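Asker: Now for the letters of each chain:
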Amino acid sequence: MAVATSNSGTTTRPVRSPSFRARKLLQLNWFGGLAGWIWLAIVLVPLYWIVVTSFKDQSAYFTQNPFALPSAPTTNNYRLVVESDFPRYFLNSVIVTVGTILPAVGISFMAAYAIIRGAGSKFLAGVNGLFLMGLAIPLQATIIPVYLLIIKMHLYDSLLALMLPSIAFSIPLSVLVLTNFIRDVPKELFESMRVDGATEWGMLRGLALPLTRPALVTVSIYNGLGVWNGFLLPLILTQSPDKRTLPLALWTFQGQYSVNVPAVLASVVLTTLPIVILYAVSRRQLLSGLTAGFSR
Amino acid sequence: MTVTAPPAAPETGRKVSSGAGSSGVGRSGPVAWMVLPALVLFIVFGVVPLVGVLLLSFTQWDGLGAIHNAGLSNWKSVLSDSQLPHSILVTFEIMILSWLVQTPMSLLLGTFLAGRQRYRAFLAVLYFIPLLLSSAAIAITYKALLDPNFGLGPGLHLDFLTQDWLGRSDLAVGVVIFIVSWQFIPFHSLIYQGGVRQIPTTMYEAASIDGAGRVRQFFSITVPQLKYTIITSSTLMVVGSLTFFDLIFVLTAGGPGDATRVLALDMYKRGFMSNQMGPASVIAALIVLLGLALALLLRRLGGSATASQQEGA
Chain L
1 MAVATSNSGT TTRPVRSPSF RARKLLQLNW FGGLAGWIWL AIVLVPLYWI
51 VVTSFKDQSA YFTQNPFALP SAPTTNNYRL VVESDFPRYF LNSVIVTVGT
101 ILPAVGISFM AAYAIIRGAG SKFLAGVNGL FLMGLAIPLQ ATIIPVYLLI
151 IKMHLYDSLL ALMLPSIAFS IPLSVLVLTN FIRDVPKELF ESMRVDGATE
201 WGMLRGLALP LTRPALVTVS IYNGLGVWNG FLLPLILTQS PDKRTLPLAL
251 WTFQGQYSVN VPAVLASVVL TTLPIVILYA VSRRQLLSGL TAGFSR
Chain D
1 MTVTAPPAAP ETGRKVSSGA GSSGVGRSGP VAWMVLPALV LFIVFGVVPL
51 VGVLLLSFTQ WDGLGAIHNA GLSNWKSVLS DSQLPHSILV TFEIMILSWL
101 VQTPMSLLLG TFLAGRQRYR AFLAVLYFIP LLLSSAAIAI TYKALLDPNF
151 GLGPGLHLDF LTQDWLGRSD LAVGVVIFIV SWQFIPFHSL IYQGGVRQIP
201 TTMYEAASID GAGRVRQFFS ITVPQLKYTI ITSSTLMVVG SLTFFDLIFV
251 LTAGGPGDAT RVLALDMYKR GFMSNQMGPA SVIAALIVLL GLALALLLRR
301 LGGSATASQQ EGA
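In the order they appear, the protein sequences are chains L and D. All residue numbers for the first sequence refer to this note's numbering, where the first residue is 1 and numbers rise by one. All residue numbers for the second sequence refer to this note's numbering, where the first residue is 1 and numbers rise by one.
Be aware that a few hints might be false.
Here are the simulated DMTMM-like cross-link-like pairs (lysine to aspartate or glutamate), alpha carbons at most 25 Å apart as the crow flies [unchecked claim]:
id, chain 1, residue 1, chain 2, residue 2
1, L, Lys152, D, Asp170
2, D, Lys269, D, Asp159
3, L, Lys122, L, Glu188
4, L, Lys243, L, Asp157
5, D, Lys227, D, Asp62
6, D, Lys269, D, Asp170
7, D, Lys269, L, Glu191
8, L, Lys122, L, Glu191
9, L, Lys243, D, Asp62
Distance windows between CB atoms, simulated [stated by the list, open to error]:
id, chain 1, residue 1, chain 2, residue 2, range
10, D, Phe160, L, Met133, 16 to 26 Å
11, L, Gly255, D, Ile67, 28 to 38 Å
12, D, Lys227, L, Trp30, 18 to 28 Å
13, D, Met203, L, Trp30, 15 to 25 Å
14, D, Gln198, L, Phe31, 32 to 42 Å
15, L, Phe31, D, Gly240, 23 to 33 Å
16, D, Asn149, L, Asn76, 15 to 25 Å
17, D, Leu100, L, Ala72, 22 to 32 Å
18, D, Gly240, L, Trp201, 31 to 41 Å
19, D, Tyr119, L, Asn76, 56 to 66 Å
20, L, Phe31, D, Ser82, 42 to 52 Å
21, L, Ser282, D, Leu292, 50 to 60 Å
22, L, Met133, D, Pro154, 46 to 56 Å
Quick caveat, the hints were computed from the structure, so don't treat them as lab data. On a predicted model such as this, the values are computed, not experimentally measured, just so you know. We put the beta carbon where it would ideally sit given N, CA and C, even for glycine.
Using the sequences provided together with the hints, build the complete structure.
Answerer: Laid out in structure tokens, this is it:
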């Protein structure tokens, strides 16, 4: 919850006199400040290096100072990446991410709605308990049976093979976060809609959906980032180049062009760019998405 | 949006609604079906594989052909294999050392970021960029950055940076810990930032009236008040470190030799490179058990009632 307030609070929260002294103390925290600036350097130096290097040609990379701006900036590295089928991998990543998030958030929302509205039902309480237990299951540890299942379903080497396990593993946290939000919707609103003859489905769409939209965005971003950056499932459940998603494509590209560091780094920039743009556009939702369920 | 929810909301909410539920038992019928799509998918791709891990650990399977019963032989061979203690050791080494690096740093940065100055908000924007990169991208970057011939060290002519970072087993583990910290300290700082902002400022005022300095306040107020945040963050760090796969796989593939062959990598190599799914399933089962044991242990440390509150909150 603090995450959601943090950024909006920066400007709106008035500084009252009693808390002012305490805030002042936080402000003067020079040791923290020192750590803060050092950490900034640690974060930015590699990122700066990636971007600068991706615009150098190979000979400049070997001869120039690593931190110097490219003397003759080139976009050839990016051209090479784009010509190496990255648009295809990008499309695959988009398909898998959207194809995971929409159904995952949809069915999690329905489940969360049922768990809250049907409170008192032993069945639903048991299902909720099962989902909570699911928070503790690491995807990596179940990969062998998942692989077996996907083979048996004749889905091996398809994008659907990546979506189904991803949907399943995003359910527990999504349901946890969404139940917490739907629980906050006043009961009287449901009652008055029911009196007016609304069905449960109508209330889900007309009442719960609009009131929990921020949580839906949060959950979508959290899961979306995980799927977009996922590596293990594509590595194990796909094989042919035209089914590759971006992280896997990065890895194979790096294997192919390991000597051409600027091109490899250009591929890193290109695959990260969509998320950085998303971050620039909707920082607040993204950050609260990142800590969904943990710091609420 | 969530500001109004007190941390205990889930608990009290459940009680209130179960009380009201007695009148709604009849009504739970029409809603219950809505849980089914999620339930079915979760059972098929979550619960079944979890049981499957255990079942497969008693079988012999090469990943392609038929599956044969193998009894306890996989467990016997894996548990007596000298590879297992080594993998467990490396896993714990990375887990503990990365916890030791990340926790103080995240606490410090989280406290720093809790201040509401504009420049801190701006710094925070930059800190979080590493969270957006995939582990594969991060590993690829550091691999190039640390190259002993063409990386940053030789480029800057700095001898201390010119090491065979990923080729020497003692250095490789350190590199993994550094990169993990680079990747995840922002995330944990974010959690601590939220925690620090919930500490009542009156506590700091009282302490400063009593003449406590800032360092004293940090250790006597901030750290104790963050107890549950520390446990949440540590649980995520410790349990999460059992599943570091992408990063290490791309960075070192477990090498040099077996220096960074953590349990998750050991599982992958046995299963998908040596085609021994049975022994690999034994390792997978051990990862699940270890994760549960560590989560329960940390939960106990926090006191069970408050820990469950924290988890729901």
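Asker: For every hint, state whether the structure bears it out.
Answerer: Right, here's what the structure says about each hint:
1. Straight-line distance between C-alpha atoms of lysine 152 of chain L and aspartate 170 of chain D comes to about 43 Å, which puts the hinted pair past the 25 Å bound.
2. Taking the CA atoms of lysine 269 of chain D and aspartate 159 of chain D, the gap is near 35 Å; set against the 25 Å cutoff, the hint is violated.
3. For the hint pairing lysine 122 of chain L with glutamate 188 of chain L, the CA-to-CA distance comes to about 24 Å; that is within 25 Å, so the pair holds.
4. Note on lysine 243 of chain L and aspartate 157 of chain L: the hinted pairing holds, with a Cα-Cα distance of about 7 Å set against a maximum of 25 Å.
5. Distance check on the hinted pair: lysine 227 of chain D and aspartate 62 of chain D sit about 47 Å apart at the alpha-carbon level, beyond 25 Å; violated.
6. The straight-line distance between the Cα atoms of lysine 269 of chain D and aspartate 170 of chain D is roughly 21 Å, inside the 25 Å bound, and the hint therefore holds.
7. Restraint check: the Cα-Cα separation between lysine 269 of chain D and glutamate 191 of chain L comes to about 57 Å, which exceeds 25 Å; the hinted pair is violated.
8. Taken as a hint, the lysine 122 of chain L and glutamate 191 of chain L pair is honoured in the structure, with Cα atoms around 22 Å apart against an allowance of 25 Å.
9. Of the supplied pair hints, the one linking lysine 243 of chain L and aspartate 62 of chain D holds, its CA atoms being roughly 24 Å apart against a limit of 25 Å.
10. Between phenylalanine 160 of chain D and methionine 133 of chain L the Cβ separation comes to about 48 Å, which falls outside the hinted range of 16 to 26 Å.
11. With their beta carbons about 32 Å apart, glycine 255 of chain L and isoleucine 67 of chain D fall inside the hinted range of 28 to 38 Å.
12. Under the hint 18 to 28 Å, the C-beta atoms of lysine 227 of chain D and tryptophan 30 of chain L, about 26 Å apart, fit the expected range.
13. Distance hint for methionine 203 of chain D and tryptophan 30 of chain L: a CB-CB separation of about 21 Å, consistent with the stated range 15 to 25 Å.
14. With their beta carbons about 22 Å apart, glutamine 198 of chain D and phenylalanine 31 of chain L fall outside the hinted range of 32 to 42 Å.
15. Between phenylalanine 31 of chain L and glycine 240 of chain D the Cβ separation comes to about 28 Å, which falls inside the hinted range of 23 to 33 Å.
16. Between asparagine 149 of chain D and asparagine 76 of chain L, the C-beta spacing of about 23 Å keeps the proposed range 15 to 25 Å intact.
17. Checked against the hint of 22 to 32 Å, the C-beta distance between leucine 100 of chain D and alanine 72 of chain L comes to roughly 45 Å, which is inconsistent with it.
18. Between glycine 240 of chain D and tryptophan 201 of chain L the beta carbons are some 38 Å apart, a value that agrees with the proposed interval 31 to 41 Å.
19. Range check, tyrosine 119 of chain D to asparagine 76 of chain L: about 38 Å between beta-carbon atoms, so the 56 to 66 Å window is missed.
20. One distance hint, 42 to 52 Å for the beta-carbon pair phenylalanine 31 of chain L and serine 82 of chain D, holds here, with the actual separation near 45 Å.
21. Against the hinted window of 50 to 60 Å, the Cβ-Cβ separation of serine 282 of chain L and leucine 292 of chain D comes to about 35 Å, which falls outside the hint.
22. Range check, methionine 133 of chain L to proline 154 of chain D: about 51 Å between beta-carbon atoms, so the 46 to 56 Å window is met.
Hint violations for this structure: numbers 1, 2, 5, 7, 10, 14, 17, 19 and 21, all remaining hints satisfied.
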